[in-house]
Amino acid sequence: MAIARFTLGFCLALMCLWTFFWPFLPAAIADSSLLRPGCLATLIVFFGATLVLLAARCHEEE
Amino acid sequence: MHGPTHLAVSWFVGEAVGLRSPKARRIVALSGLAPDIDVLAYLGAIVYFGFDKDKAFGQVWQVVHHRYTHGLGFILLTGLLVYWLVARTASKPGMDSPTKVAFWAMAASVTHNFFDLVGGGPTWPIYPAWPLADTPWSVPWSWTLAEWPNAVILFACLGGMFWYAKLRGYSPLEAINYRLDAWFCGIVQQGRTGGSGAVADGPGARRTRIVIYLGLILLILAVLIPLGFRLD
Numbered sequence: 033m034a035i036a037r038f039t040l041g042f043c044l045a046l047m048c049l050w051t052f053f054w055p056f057l058p059a060a061i062a063d064s065s066l067l068r069p070g071c072l073a074t075l076i077v078f079f080g081a082t083l084v085l086l087a088a089r090c091h092e093e094e
Numbered sequence: 002m003h004g005p006t007h008l009a010v011s012w013f014v015g016e017a018v019g020l021r022s023p024k025a026r027r028i029v030a031l032s033g034l035a036p037d038i039d040v041l042a043y044l045g046a047i048v049y050f051g052f053d054k055d056k057a058f059g060q061v062w063q064v065v066h067h068r069y070t071h072g073l074g075f076i077l078l079t080g081l082l083v084y085w086l087v088a089r090t091a092s093k094p095g096m097d098s099p100t101k102v103a104f105w106a107m108a109a110s111v112t113h114n115f116f117d118l119v120g121g122g123p124t125w126p127i128y129p130a131w132p133l134a135d136t137p138w139s140v141p142w143s144w145t146l147a148e149w150p151n152a153v154i155l156f157a158c159l160g161g162m163f164w165y166a167k168l169r170g171y172s173p174l175e176a177i178n179y180r181l182d183a184w185f186c187g188i189v190q191q192g193r194t195g196g197s198g199a200v201a202d203g204p205g206a207r208r209t210r211i212v213i214y215l216g217l218i219l220l221i222l223a224v225l226i227p228l229g230f231r232l233d
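Here the protein sequences line up with chains P and V, keeping their order. Each number in the working numbering comes from the position in the first sequence (counting from 1) with 32 added on. Each number in the working numbering comes from the position in the second sequence (counting from 1) with 1 added on.
By construction, these hints were calculated from the structure, which means they are not laboratory data. Just so it is clear, the structure is predicted and the values come from calculations on it, not from any experiment. Treat the hints loosely; a few may be bogus.
[As the list claims (entries may be wrong)] Interface residues of chain P toward chain V, partial, derived using beta-carbon atoms under 8 angstroms:
#  : residue
1  : Phe42
2  : Cys48
3  : Trp50
4  : Thr51
5  : Leu57
6  : Leu66
7  : Arg68
8  : Pro69
9  : Leu75
10 : Val77
11 : Leu85
12 : Arg89
13 : Cys90
Backbone N, C-alpha and C fix where the C-beta goes; we use that ideal spot for every residue, glycine too.
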């Protein structure tokens, strides 16, 4: 559960990076080839962490 | 991404992080949908231009959409508004803390912006730094609404809504209306009492479920077909 929560928080931080900071980073730092795989990985892991937490919610009150 | 996806994902996040109060989950879900409130400008423009959709689209929608409500400014405004709303009822039993609800409302708004970057289409940039800067931001590989990843995510959210309603007795529909959610969950749970009304098990309940399922399928088709939905 703690890992899932941490993962969810990390994904939110990455979402902030890709969405709000990436376009303003210098090109030397913001390698555009990282953006697509980074965003897609963030999306998939975010959904996965949310599912794990939802499953834990279902079990905790059974 | 589609509006129902934003609403459902935000609600599921609110539930996943442990928000106990239905009101708090509703607030987080609506905060995740709120950036698309700019659609009201388009509707207003359609009326203003005498139902000339092309004029409304070119002169208002293309200028306004994603500009003022898809950025840090709107996220901060969401957090402040939610904090104020929840703080007014914080003393009521079972209510989550205003700070927690405001934080997750802002997080839901962040996910909305990210989802629109990835799944809003390359021709609809967001403006992440508005009002500090008017810099548009989009990516060329962003999925359009009609592309299959957006459809898969939407169907997964709808399926998740059914699954959660059956398992827990409440669902993302509580973001719209508590009685609607109770009625829906009562149907899905095969006749168990759900909130305001009991649904008797038997042929009548089964017919009602079939009607709901068919209605949902028709609704999905009605949304996706005009967008040129294709399963590539």
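Against the structure, the hints:
1. Phe42: Since chain V brings no Cβ nearer than about 12 angstroms to Phe42/P, farther than 8 angstroms, the hint is violated.
2. Cys48: holds (6 angstroms)
3. Trp50: Hint holds; Trp50/P Cβ to chain V Cβ min 6 angstroms, cut 8 angstroms.
4. Thr51: With Cβ-Cβ at 5 angstroms, under 8 angstroms, it holds.
5. Leu57: With a minimum Cβ separation of about 12 angstroms from chain V (threshold 8 angstroms), the hint on Leu57/P is violated.
6. Leu66: It is violated, given that the least Cβ distance between Leu66/P and chain V is near 12 angstroms, above 8 angstroms.
7. Arg68: holds (6 angstroms)
8. Pro69: violated (11 angstroms)
9. Leu75: Since the shortest Cβ distance to chain V is 6 angstroms, the answer is holds.
10. Val77: violated (13 angstroms)
11. Leu85: holds (4 angstroms)
12. Arg89: Since the shortest Cβ distance to chain V is 6 angstroms, the answer is holds.
13. Cys90: Since the shortest Cβ distance to chain V is 5 angstroms, the answer is holds.
The structure is inconsistent with the numbered hints 1, 5, 6, 8 and 10, although it conforms to all the rest.
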